[in-house]
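Order-wise, the sequence lines are chains A and B.
Residue 80 in this note's numbering is what sits at position 80 of the first sequence, and the numbering runs on without skipping anything.
For this note's numbering, count along the second sequence from 1 and bump the result up by 1000.
Just so you know, these hints were derived from the structure itself, not from any lab.
Treat the hints with care, as some may be off.
DSSO-like, lysine-lysine: derived pairs with alpha carbons at most 27 Å apart [to be verified]:
no., chain 1, residue 1, chain 2, residue 2
1, B, K1116, B, K1105
2, A, K189, B, K1011
3, A, K40, B, K1116
4, B, K1061, A, K189
5, B, K1061, A, K151
6, B, K1105, A, K40
7, A, K190, B, K1111
8, B, K1111, A, K189
This one's a predicted model, so the numbers in the text were calculated from it and none came from an experiment.
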Amino acid sequence: MGPLAVNEIISENTNLFLAFLIGIGFGFVLEQSGFSSSRKLAGIFYGYDAVVLKVFFTAAITAMLGLLFFSLFGWIDLDLVYVNPTYLTSAIAGGVIMGLGFIMGGYCPGTSFCGASIGKIDALVFIGGLFIGVLIFGLGYKLWEGMYLAKFLGFPKVSESLGLSDGVFALILIIAALGMFWAAEWAEKKFQREEY
Amino acid sequence: MSETTVAKKTKYLNPYIGGVLLGLVLLAANFVAGRGLGASGAIKSTIVGAATVIAPEASEKSAFVSEFRESHEGNPMKTWLVFQMLGVIVGGFLSGALAGRLKIKVEHSPKITSRKRLLLALGGGVLFGFGSQLGRGCTSGSALSGMAVLSLGGFVTMMAIFGTAFAMAYFFRKNWI
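This is chain A alone, in the form it adopts within the complex (with noise of 0.2 Å):
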């Protein structure tokens, strides 16, 4: 049955009317989580506020499980589903310069998005920056080319690289997040902040 466009059993243009409904969840759960706040969002790297890590663990578990079940129910076909590329030396790289725009912007692109739509004039200047950078790395690609493709892996599964089942893998990633939890709300307690 699913993925539902890739099966052509809903039409191209039917496939983009649901991205933009898919799209108002997005926004709008992000932004009942506090996501269209920076200062929220900065909270994780100091302690005060932890709601970046519960959601975005909680939907990465949940996600994966219901692609698990779906897949067993013969709901959807994981084979036709989009797993991003591995290039290592590019996804450390490209991390790294991502987690320094983060805690100088408080922003990620879909957050900043969130923040502006609420009328924050600091996430409609992070928007402003990101077209900048996508822009930089565009005009000077030839620059980074050779890091950009270095060290393909593939399109390996964390799981296959751990030689674990998919299964088992899922089960001790929910153990781990269930330990990240508790450490969150020690440190919300620990390093509580009245205002921001």
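Given the coordinates of chain A, work out where chain B should sit on it, guided by the hints.
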């Protein structure tokens, strides 16, 4: 507990419920389109689209543009992530309107000026935009969506993003706490 504390505590959705809902949205994206959520991809589409209009000849020679063209046929603005990001703006606005959070302001710690906050936001945006291209996706597209499909690259990028931000947090503390 005073009334104001109660009001503050109920201001936002419970993060674990928010996480489950976000996970369901991500699951829906995979079920419908066979791909996860994203944000920086829509910016790339816009840049490619604008470049094609403003400088058609130069952009045709660009490896960055041709790489994008190989995986996206037709109008660069008629792509899944562009429509999804338009939805994010609408969804965020609706949520903010319902919660009474619509307000034009520069949010920053009282210890720094608005001007400093905006300069840091600009610099952070430039870095994040550049990094998202190098890392083939941002927190949404690479880290979150990648983790949901158990992509090794997704986990690596997630750890690099959060690890670096934690490691650098000390040097930027005056801007936040």
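Status of each hint after checking the structure:
Under the criterion of a C-alpha separation no larger than 27 Å, the hint pairing K1116/B with K1105/B is consistent with the structure, at around 14 Å. Of the supplied pair hints, the one linking K189/A and K1011/B holds, its CA atoms being roughly 18 Å apart against a limit of 27 Å. Taken as a hint, the K40/A and K1116/B pair is honoured in the structure, with Cα atoms around 18 Å apart against an allowance of 27 Å. The hinted pair formed by K1061/B and K189/A fails the criterion: a straight-line CA distance of about 55 Å is larger than 27 Å.
Note on K1061/B and K151/A: the hinted pairing holds, with a Cα-Cα distance of about 26 Å set against a maximum of 27 Å. With a CA separation close to 15 Å, the supplied pair K1105/B and K40/A stays within the 27 Å bound. Proposed proximity of K190/A and K1111/B is supported: the alpha carbons are some 22 Å apart, at most 27 Å. For the hint linking K1111/B to K189/A, the alpha-carbon distance of about 23 Å falls within 27 Å, and the restraint holds.
Hint compliance for this structure: hint 4 alone is broken.
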